[in-house]
Amino acid sequence: MSQSQAVEAVRPTLRQIIQPANGWRPLDVEEMWRFRRLLRVFVWRDLKIRYKQAMLGFLWVVIQPLALTLVYSIFFGYVARIPSEGVPYPVFFLGGMILWQFLSLAVTQGSVSLVAQQQIITKVYFPRPLAPLTSVVSALVDFAIMFGLLIATELFYGIVPSWPMLFAPLFAILTALLAFAICLWLSALDALYRDARYALTFLMQVWYFGTPIIYPLSIVPERFRWIMTLNPLAAAIQGFRWSVLGNVPPPPATDMIVAVVTTLVLLIGGAMFFRRIEQRVIDMI
Amino acid sequence: MNDTVISVEHLSKSFRLGEMQRGHTLADAINGLLRRKGVEEAPKKNAEQQTLWALKDVSFTVNRGEVLGIIGRNGAGKSTLLKILSRIVSPTEGRAVIEGRVGALLEVGTGFSGELTGRENILLSGTILGMSQEEIRDKMDEIIDFSGIERFIDTPVKRYSSGMYTRLAFAVAAHLEPEILIVDEVLAVGDVEFQRKCLGKMNAMTKGGRTVLFVSHNMGAVSELCSHALLLQRGQVHAMGETAQIVEEYARLQRGGEQGVSFDDDESLPCSITAASVTDTKDNAASTFDIADEVVLNIHYKVRLPLEGLQVVLVLLRNMNEVFCSFDTDALDSLPTREPGSYRAQCRLPGMFLKAGNYSVRLAIGTPDRLMAEIESALTFDVEELSQNTYNKGYRKERIGHIISRGRWSTERFG
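Residue numbers (the working numbering), protein chains in the order written: chain A, 1 to 285; chain B, 1 to 415.
Think of the hints as simulated: they come from the structure by calculation, not from any bench.
Glycine included, every Cβ here is placed at the ideal spot set by N, Cα and C.
Check before you lean on any hint, since a few could be wrong.
Stated by the list, open to error - Using 30 Å as the maximum straight-line C-alpha spacing, the simulated BS3-like pairs for lysine-lysine come out as follows:
hint, chain 1, residue 1, chain 2, residue 2
1, A, Lys52, B, Lys393
2, B, Lys158, B, Lys393
3, A, Lys48, B, Lys158
Unchecked claim - Here are the in silico distance ranges between beta carbons for each label pair:
hint, chain 1, residue 1, chain 2, residue 2, range
4, A, Val62, B, Glu142, 50 to 58 Å
5, A, Arg40, B, Ala292, 50 to 58 Å
6, A, Val62, B, Asn319, 46 to 54 Å
7, A, Leu56, B, Gly220, 52 to 60 Å
8, A, Ala199, B, Ser161, 36 to 44 Å
9, B, Gln245, A, Arg37, 40 to 48 Å
10, A, Leu264, B, Ser262, 54 to 62 Å
11, A, Asn22, B, Leu371, 27 to 35 Å
12, A, Leu59, B, Ser59, 55 to 63 Å
13, A, Lys52, B, Glu322, 54 to 62 Å
14, B, Arg159, A, Leu59, 23 to 31 Å
Build the full structure now, drawing on both the sequences and the hints.
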């Protein structure tokens with residue numbers, strides 16, 4: 001006890017003012033940073049629980065995309081002969097799919113996170129945006145492993161990534177921000193109306209096919225091009241492929257700008273919506 | 001050292017009842033919207049009544065090193081107050097200023113996850129409760145030792161018995177050492193020996209100059225631990241001062257204040273519940289019953305228009321679980337029409353029917369096609385095992401189930 005008291009004595013006294021929380025408030029990033037250790041433990045728990053029950057555990061992070069790649073390569077690459085920007089189809093597919101897999105995992109877990117965590121949320125204080133953020137960060141860990149798999153597959157096909165590779169993290173970050181933005185919106189909505197989770201499965205399916213994952217951006221007909229411009233994930237995936245696969249052209253600058261702006265708008269709007277709803281949600285649950 | 005660490009100024013918290021009861025799908029929300037549209041002509045007073053003030057204008061201060069007991073009946077606002085001070089819910093009005101790190105223990109085993117081992121849960125729960133990684137690492141052995149379940153510490157918690165689970169959860173909680181500790185009734189579980197251990201630990205903690213807010217129904221524990229006490233009554237500060245004095249005041253309230261509760265009467269409704277009380281068979285107000293006692297629930301209501309098929313609805317909850325729902329008309333073949341006037345409906349619950357526990361009663365009134373009023377936790381009472389030792393009975397308080405059904409057992413031996 002004396003030891004921890006000594007620690008506390010050094011720490012400046014924290015003054016907290018508790019008052020009504022009304023209206024539109026931005027995300028308190030500084031406070032979230034103070035709770036980073038809790039985020040780390042949440043992520044650790046998430047990963048631990050997700051893979052603890054599976055006999056093959058973490059191997060699934062690798063097996064799943066590999067199996068998907070195999071199936072898609074047979075049907076779309078080999079049978080349907082969908083073009084793949086001059087790189088072998090499996091590499092092409094994997095290059096887009098892992099970003100999608102990351103986003104989809106983050107969003108499906110993150111959108112129910114507020115409700116899933118209600119047991120803790122009603123008993124202990126922490127910045128509530130940590131709940132959806134946890135899902136994004138833990139999905140990011142899966143992504144890192146899948147990224148290793150992608151590089152290995154590339155090397156297997158004799159493709160050696162060059163300098164654009166340095167930009168790959170930027171596209172991953174863009175996707176992560178997009179995922180976080182969506183999680184903020186959906187987790188708050190889901191807590192209010194459970195409809196959100198039912199609609200999600202369907203919407204993700206539509207989004208999956210509306211994004212150049214199994215097909216390249218280049219085969220999208222001109223009159224549907226605008227859809228790709230409006231879809232921030234399309235630009236992120238195109239950019240990611242450009243950075244890791246070599247041969248693939250970068251996304252058009254307009255697409256890229258629209259993607260970044262859309263993501264930021266979604267993020268800021270989502271944060272404000274989440275903050276506005278969170279107190280009501282806690283009163284309700 | 002007489003400096004103020006917690007200062008609460010005019011704190012209020014309201015809940016919108018409609019909000020809480022609204023369903024969880026969009027369809028419900030749309031329905032709710034339509035319904036609200038339909039009754040728009042109804043006086044605005046209605047909206048006001050939908051607001052429940054869990055806390056109303058609460059002000060007090062706590063000095064460094066003080067151990068403050070917070071007491072009051074169920075629904076007096078104790079938990080809401082703790083939740084505001086631990087920042088889980090935000091107040092509707094007023095504010096509180098707190099100097100120092102706050103640790104809140106509002107339940108046992110916050111954040112525990114069944115899939116993880118005991119050791120992993122210590123790390124998880126400890127972090128959630130606000131301990132740093134170093135603190136947890138330093139205290140890990142001490143916590144495991146305190147819990148007394150070293151042998152199972154690397155087993156997933158889902159395989160624990162509830163006793164083991166509680167011990168481990170407590171062990172983590174007991175080693176939480178924030179500057180200000182907020183504790184809600186957690187000492188009410190666990191076996192007696194372990195409770196002693198926790199009380200001892202808490203006592204040591206309070207001797208160490210820590211500020212503690214302690215909510216409990218256990219007046220013994222409050223008297224033993226707290227220097228001061230705060231008595232809440234219907235969301236307001238009823239009294240604050242020396243523990244002995246306040247505990248006495250609480251006991252007085254418990255005895256005398258049980259004349260029943262009255263509810264605001266809304267003249268715009270065709271009928272309303274005006275008052276309710278819990279009494280014994282001799283019509284004496286009471287709040288605690290023995291399991292063999294008959295409990296009488298009295299519901300007073302007023303009818304303003306002749307109402308066809310008017311029914312009084314009573315839902316009994318035990319420890320927050322719904323046990324049954326009963327209508328005053330259940331024994332009748334056809335529904336009566338109630339002419340304007342004042343009524344009293346009485347429901348007798350026989351002895352040896354309700355198990356020991358905390359009961360609350362939700363009341364409602366309405367016709368088969370229209371609910372006119374609903375009062376959550378209109379009445380509360382306790383049933384205790386006073387007259388008999390239930391050690392080897394199936395209906396002992398702690399066992400599963402909510403009612404006593406001794407059935408008609410018979411055993412014959414053949415062969």
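Right, here's what the structure says about each hint:
1. About 41 Å separates the Cα atoms of lysine 52 of chain A and lysine 393 of chain B, which puts this hinted pair outside 30 Å; it is violated.
2. The hinted pair formed by lysine 158 of chain B and lysine 393 of chain B meets the criterion: a straight-line CA distance of about 28 Å does not exceed 30 Å.
3. For the given pair, lysine 48 of chain A sits about 15 Å from lysine 158 of chain B by alpha-carbon distance, which is consistent with the 30 Å threshold.
4. The hint said 50 to 58 Å for the Cβ distance between valine 62 of chain A and glutamate 142 of chain B, and at roughly 40 Å that hint is violated.
5. Taking 50 to 58 Å as the suggested C-beta distance range, the pair arginine 40 of chain A and alanine 292 of chain B conforms, at roughly 55 Å.
6. Checked against the hint of 46 to 54 Å, the pair valine 62 of chain A and asparagine 319 of chain B passes, with Cβ atoms roughly 48 Å apart.
7. At about 54 Å, the CB distance of leucine 56 of chain A to glycine 220 of chain B agrees with the hint of 52 to 60 Å.
8. Between alanine 199 of chain A and serine 161 of chain B the C-beta distance comes to about 42 Å, which sits within the given range of 36 to 44 Å.
9. One distance hint, 40 to 48 Å for the beta-carbon pair glutamine 245 of chain B and arginine 37 of chain A, holds here, with the actual separation near 43 Å.
10. Remark: the range hint 54 to 62 Å for leucine 264 of chain A to serine 262 of chain B is upheld by a beta-carbon distance near 56 Å.
11. Checked against the given bound of 27 to 35 Å, the beta carbons of asparagine 22 of chain A and leucine 371 of chain B, roughly 31 Å apart, stay inside it.
12. About 59 Å separates the C-beta atoms of leucine 59 of chain A and serine 59 of chain B, a value consistent with the hinted range of 55 to 63 Å.
13. Between lysine 52 of chain A and glutamate 322 of chain B the CB atoms are about 35 Å apart, so this pair departs from the stated range of 54 to 62 Å.
14. Checked against the given bound of 23 to 31 Å, the beta carbons of arginine 159 of chain B and leucine 59 of chain A, roughly 25 Å apart, stay inside it.
In the structure shown, a violation is registered for the earlier hints numbered 1, 4, 13, in ascending order.
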